[in-house]
Amino acid sequence: MPETVLADTAAKAPDAPRPKRNALFGGRIPLARLRDLALVPAIVVIAIVGQIVNPVFLQTDNLINVLQTMSEIALLVLAQTMVLIVKKMDLSLESTMGLAPGVAAWLVVPTGATHGLGLLPGAWAIPLTLAVGAVIGVINALLIIRFGLNGFIVTLGMLIVLRGVLTGISGGQTFFQLPESMLYLGTAQWFGMPASIWICLALFAVAIVVLGWTSFGRSLYAIGGNVDAAKAAGIRTDRVLWIVIVTGSVLAALAGLLLSGRLASVASAQGNGYIFTVFAAAVIGGISLNGGKGTMFGAFCGILLLFMIQNVLTLGGVPAQWIGALNGLIILVALAISRITGGKVQE
Amino acid sequence: MSDGERTATPAPAPADDGQAHAGLPVVEAAGIVKRYGPTVALNGAGITIRPGETHALVGRNGAGKSTLVSVLTGLQSADEGTVTFGGSPAPRLADRDAWRQRVACVYQKSTIIPTLTVAENLFLNRHHRARGPLISWQGVRRRAQELLSTWSVDVDPQTPAGDLSVEQRQFVEIARALSFGARFIILDEPTAQLDGAAINRLFDRIRDLQRQGVTFLFISHHLQEVYEICDMVTVFRDARHIVTAPVAELPRTELVAAMTGEAAADSREERASSLDVGVTPALGVSGLEGETYQGVTFQVGAGEIVGLAGAAGSGRTEVAETVVGLRAPTAGEVEIAGNRPRLGSVPAALAAGAGFVPQDRHHQGFVPDMSIADNATLSVPKKLGQNGFLSRSRRDRLAAAMIENLAIKTPGPDLPVSALSGGNQQKVVMARALADDPKLLVLINPTAGVDVRSKEFLLGKVEETAETGTGVLIASDELDDLRMCDRVLVMFQGRVTSEIARGWHDHDLVAAMEGVDLHA
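First to last, the sequence lines map onto chains A and B.
Under the working numbering, the residues of the first sequence are numbered 4 to 350, in order.
Under the working numbering, the residues of the second sequence are numbered 73 to 592, in order.
Hints are computed from structural coordinates only; laboratory data are not their basis.
Virtual Cβ for every residue (Gly too), placed ideally from N, Cα, C.
Some hints here could point you the wrong way.
[Claimed, not checked] Just the calculated beta-carbon pair ranges, DEER-fashion: (1) Ala320(B) / Asn153(A): 51 to 61 Å; (2) Lys454(B) / Gly171(A): 51 to 61 Å; (3) Gly204(B) / Asn153(A): 54 to 64 Å; (4) Asp241(A) / Ser358(B): 55 to 65 Å.
[What the hints assert, rightly or not] Facing chain A, from chain B, some residues (calculated, C-beta under 10 Å): (5) Arg172; (6) Gln180; (7) Thr183; (8) Leu188; (9) Arg198; (10) Ile207.
Work the whole structure out from these sequences, hints included.
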């Protein structure tokens, strides 16, 4: 009897009593998921305020501009969100974003004006960038998982080392004359929108599905929520952590590629200081720094909200000298907004 | 992970059909030796559990119970010895699925992931998929609902697991264990955090499942529970197997003797009242109102021991926590040894002369990684030196006196508290409560999760303290804690409903706590 109950439920018609409480839209969307939509009202409000401040705000060109400028950093948010959900942190993402395309440019750009070596043909640039990202991820994972070092400090160290390596190989200068292949993703237009926006949106869509609807994605939450329980449930926790950390670094390398393509250069300070915005966006989007909580959609809303507020301020004619101070203020305000609309104490 | 679909369908485990293998034990461990470095955790110990029985495993802290559990559940391999399930040897350690079909354990520490829903916890890593790689949440919810109703667990599968009560969490964990096909379940101190009514519900559930052919290994510090629910009992002491006998044939005194290695007095003698009416009462509470209690008024005289009994949710814990300032009341007054501390402030209550042992030592009792000395002197910095500077030598002297006074088993005051056994941890918490020679001592569940010996010791210490003129308030539903009280105030649904003088019978007090009048 008890054995048979579970055996063939898949074949049975869904006539089981469906829980009505906590469920909306015929039980399809549990109330818990609606919490992810907490930032949507805030985004709508900012859009209305933006439109009042300057009618340019809601024009397609401006919106595309907002999406494109945030697309690179949004990929870092995506990577960091995965890492935060498994209760780790990766500070080195921002220098990976600079170093990965930096190494590619170093090996590909011809000698002459910049510090390039010109050893490899231009077609190698993209694979090289992603490979450098993967290698950095493997080093991080090795130190954190294999050797059991503290993830925060390991990636802090990596952040400094990688930044230094980029300064070293570039001689503190900017790489120009990047090959066609490196420029393509940052400059191409697909169906009337920059390719980087498509890539960003597509990756977020994939991440939302993976984290919400696959056992692999759910194992991230299990590990972040209670790693012992996850192990007891038969999840190979170390393997999942490896995949998350390495994927995160590869995503950061891709973000770097998009940024370098758009700016047609790799500055030695590329990505510098991004990590603070990334963390702010994740927390605003409802990702818990204690692991196991938050969704990809929330994280996307977080970074979108930040960039919309920034855009509104620019359109409002705020002097450029004040943008730095305002950026910090925006993070605090956005955090407060998400606390109000989310209604939960942030951790 | 690709085999998630298949493992969700429990294959009949060898131990399933008790009839076919009636002769073979569900599990048999023999000659198990397990060493951790120089410590021998199990020394040739063994246990045999027959189908359908509820088998108790008792022993003092450190007797090797937990080690045996981790060997029986395949979390650790034994250095020597064999484990068999229904006559066939145990699976490889790496084969988690095979282990889960044979045995499941509900640990004291939750193996539920608080941030996920109940449904997802039940089917973690074996989610229901309609087709393709994507999870069908509808299917997961439906199957969770079915599983929970099969075993009549009244929990909404959509609630976040973190919102469950301890009792609900245990039922969910039991249901999950059964869904893997295991018909042998280890309960590791399941009653430690439950109140009387919940324990009864748990026992009803255990009897129910027992009738359906589930075998239990029950680990508990509470011997009366062993007599209530178990058929067989096995005693471990100092990493060795001492005795296995039917519960009915082993009287309480002999059981305690087997656990401690010496004959223990069956019951403590009556203590003489140490109430001193000539001195200001240690505690006066009048008209106290809070979210979960109303109109609470009582006094504790100097040198008097007063019990505050009641089921979980009766408000007893909240009242005690209000007295020491952990909670603020909405109305009413608290007077500690003639002083009126600011309500809702722990420092004010301590300054007024209170000392207390909080409800959950792991959460509020101590800082696990700090040393015994630091923990014990945490609340009395002014005794450690002047001008805000602490004197190490003075701290160590103070701590050494406490360690001796409370007979804490430790190589020295520098050991982190987390390295101590449960009983000794509680002694550290008690030492801190006594550190400032309080006029009023408030104890909330002082002996939860503490072995028999430490329990007697702690309660003895309380009596000693009362004799020095300290008033004691014990908020607990543990009858052994309340037995030495001069009087017991019983709370029911937020009100003090009756006062019982010393010399009560167990059933009177239990009835009062449950709100039943036996003499009506």
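State the violated hints by number, sorted upward, taking the hints as numbered earlier in the document. When the structure is compared with the hints, numbers 3, 6 turn out to be violated.
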